[in-house]
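2 protein chains.
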Amino acid sequence: MSKVQVIIRLKNGVLDPQGKTAQHALQALGFQEAAQVRIGKFIELELDGANPDQVNTRVREMCEKLLANPVIEDFEILGG
Amino acid sequence: MSKVQVIIRLKNGVLDPQGKTAQHALQALGFQEAAQVRIGKFIELELDGANPDQVNTRVREMCEKLLANPVIEDFEILGG
Numbered sequence: 000m001s002k003v004q005v006i007i008r009l010k011n012g013v014l015d016p017q018g019k020t021a022q023h024a025l026q027a028l029g030f031q032e033a034a035q036v037r038i039g040k041f042i043e044l045e046l047d048g049a050n051p052d053q054v055n056t057r058v059r060e061m062c063e064k065l066l067a068n069p070v071i072e073d074f075e076i077l078g079g
Numbered sequence: 000m001s002k003v004q005v006i007i008r009l010k011n012g013v014l015d016p017q018g019k020t021a022q023h024a025l026q027a028l029g030f031q032e033a034a035q036v037r038i039g040k041f042i043e044l045e046l047d048g049a050n051p052d053q054v055n056t057r058v059r060e061m062c063e064k065l066l067a068n069p070v071i072e073d074f075e076i077l078g079g
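Line by line, the protein sequences are chains A and B.
Residue numbering for the first sequence follows numbering that gives the first Met the number 0, beginning at 0 and increasing consecutively.
Residue numbering for the second sequence follows numbering that gives the first Met the number 0, beginning at 0 and increasing consecutively.
The reader is advised that the hints may include incorrect statements.
A pair holds if it fits inside one copy or across any two, identical chains being indistinguishable in the list.
[As the list claims (entries may be wrong)] Pairs of lysine-lysine, DSSO-like flavour, derived with a Cα cap of 27 Å:
hint	residue 1	residue 2
1	K19	K2
2	K64	K2
3	K2	K40
Source of the hints: derived by calculation from the structure; they are not laboratory data.
The shape of chain A in the complex, shown without the other chains (with noise of 0.2 Å):
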């Protein structure tokens, strides 16, 4: 059983809508140092029986197939 984190992050310029919703309302609530927020995902996998040298392969085609979309995000992998 091996356990890995992903980063899903929206690329450099793609508007981060949920992002600027967050920032507004940490403003509000007085928090006026809130100058950016940036909202991505982070992924928690368990595999089962994964090869170790076969892992981050295997990550990163579920990252480029369906965890992440690649024209907006981009994906980081930990551990694994």
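Once you've looked at the hints, dock chain B against the given chain A.
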């Protein structure tokens, strides 16, 4: 300008229908090793003129008041 990252995870035991859907989709695509998928948030904050000593405290307050739902989510502050 301080940059801080926050990971928001569903607590253990809280159902994650989005993660379950992603897991089934991965298996349908041939990734049979996907035993569990849990999807949280990865939030990147830029804080203006923040006092470095207070960044962690302020970001903790932001999480408790707005960014996380403490009933079902845990948060972890990185950097800052």
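Going down the list of hints, with the structure as the test:
no., hint, in the structure
1, K19 to K2, "between (32 Å within a copy, 16 Å between copies)"
2, K64 to K2, "within (19 Å within a copy, 30 Å between copies)"
3, K2 to K40, "both (16 Å within a copy, 17 Å between copies)"
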